[in-house]
Amino acid sequence: NAGVTQTPKFQVLKTGQSMTLQCAQDMNHNSMYWYRQDPGMGLRLIYYSASEGTTDKGEVPNGYNVSRLNKREFSLRLESAAPSQTSVYFCASKSREYSNQPQHFGDGTRLSIL
Amino acid sequence: KQEVTQIPAALSVPEGENLVLNCSFTDSAIYNLQWFRQDPGKGLTSLLLIQSSQREQTSGRLNASLDKSSGRSTLYIAASQPGDSATYLCAVSDDYKLSFGAGTTVTVRA
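In order, the protein sequences belong to chains A and B. First residue of the first sequence: 1, per this note's numbering; consecutive thereafter. First residue of the second sequence: 1, per this note's numbering; consecutive thereafter.
Please note: incorrect hints may appear among the correct ones.
With a cut-off of at most 25 angstroms between alpha-carbon atoms, the simulated BS3-like pairs for lysine-lysine come out as follows [said to hold, decoys possible]:
1. B:K68 x B:K1
2. B:K97 x B:K1
3. B:K42 x A:K9
4. B:K97 x A:K57
Sample of chain B residues lacking proximity to chain A, with all beta carbon distances greater than 12 angstroms (derived) [said to hold, decoys possible]:
5. V20
6. T45
7. E56
8. G60
9. R61
10. D67
11. K68
12. G83
13. D84
14. S99
What the hints contain is simulated information worked out from the structure, not anything from laboratory work. Ideal placement from N, C-alpha and C gives every residue a C-beta, glycine not left out.
Use the sequences and the hints to build the structure in full.
Structural data, given as structure tokens:
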């Protein structure tokens, strides 16, 4: 009963390096989300995908790109990592938009940028 | 822009005491409100979801109320246990976006 799976769990990068965070869900959900969580702050939405083939910016999209590879997978890419992107990144999914169903979260990717 | 505030930021209680966690939000035009639990190093687990037309939801020892007009929600946890120690997050939803509070970190002392 995997739910939402994120890889990797931990990563250390140098400033300027690039990397892709992977997310997959096995609940046949239409909507997927990427958040970041910083100390003392709530989660903030980076990008979301309401359905396969669509992506939209959230509250803090600068410095990130996303790909909705298929219905199961939604990846987040940092093209040129900056220390300000040190954070914990969470992927979430939900059955569909405009539904009173909860979002389901992965365990997060802890990313440090030196 | 929706602002969500949770007070207090941290709370320590002896085992058996009832917990009261507060959440306030600035825009009453919400779709629903959710309470989540987060354990250290883990993701978020949904506890309760209250639809905008509802006043409260209950699950076991947990009860959450919603007053949209005043922009407030309260999570009650009855007869707290050490296993309830975690961070509790409140989030409000408009059509697609969840806006989160910073959370209340609860410690239940045995």
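Structure-based check of each hint:
1. B:K68 x B:K1: holds (16 angstroms)
2. B:K97 x B:K1: Satisfied, since the Cα-Cα distance of roughly 11 angstroms is no more than 25 angstroms.
3. B:K42 x A:K9: Roughly 10 angstroms separates the two Cα atoms, so the pair holds.
4. B:K97 x A:K57: holds (11 angstroms)
5. V20: At roughly 20 angstroms from the nearest Cβ of chain A, V20 of chain B sits farther out than 12 angstroms, so the non-interface label holds.
6. T45: With a cut-off of 12 angstroms, T45 of chain B comes too close to chain A, as the shortest Cβ separation is near 8 angstroms.
7. E56: E56 of chain B is indeed farther than 12 angstroms from all Cβ atoms of chain A, at 15 angstroms.
8. G60: Given that every Cβ of chain A is farther than 12 angstroms from that of G60 of chain B, nearest at about 16 angstroms, it holds.
9. R61: holds (19 angstroms)
10. D67: Non-interface label stands for D67 of chain B: nearest chain A Cβ at 18 angstroms, farther than 12 angstroms.
11. K68: holds (15 angstroms)
12. G83: Holds, because the least Cβ-Cβ distance between G83 of chain B and chain A comes to about 19 angstroms, which exceeds 12 angstroms.
13. D84: holds (19 angstroms)
14. S99: violated (7 angstroms)
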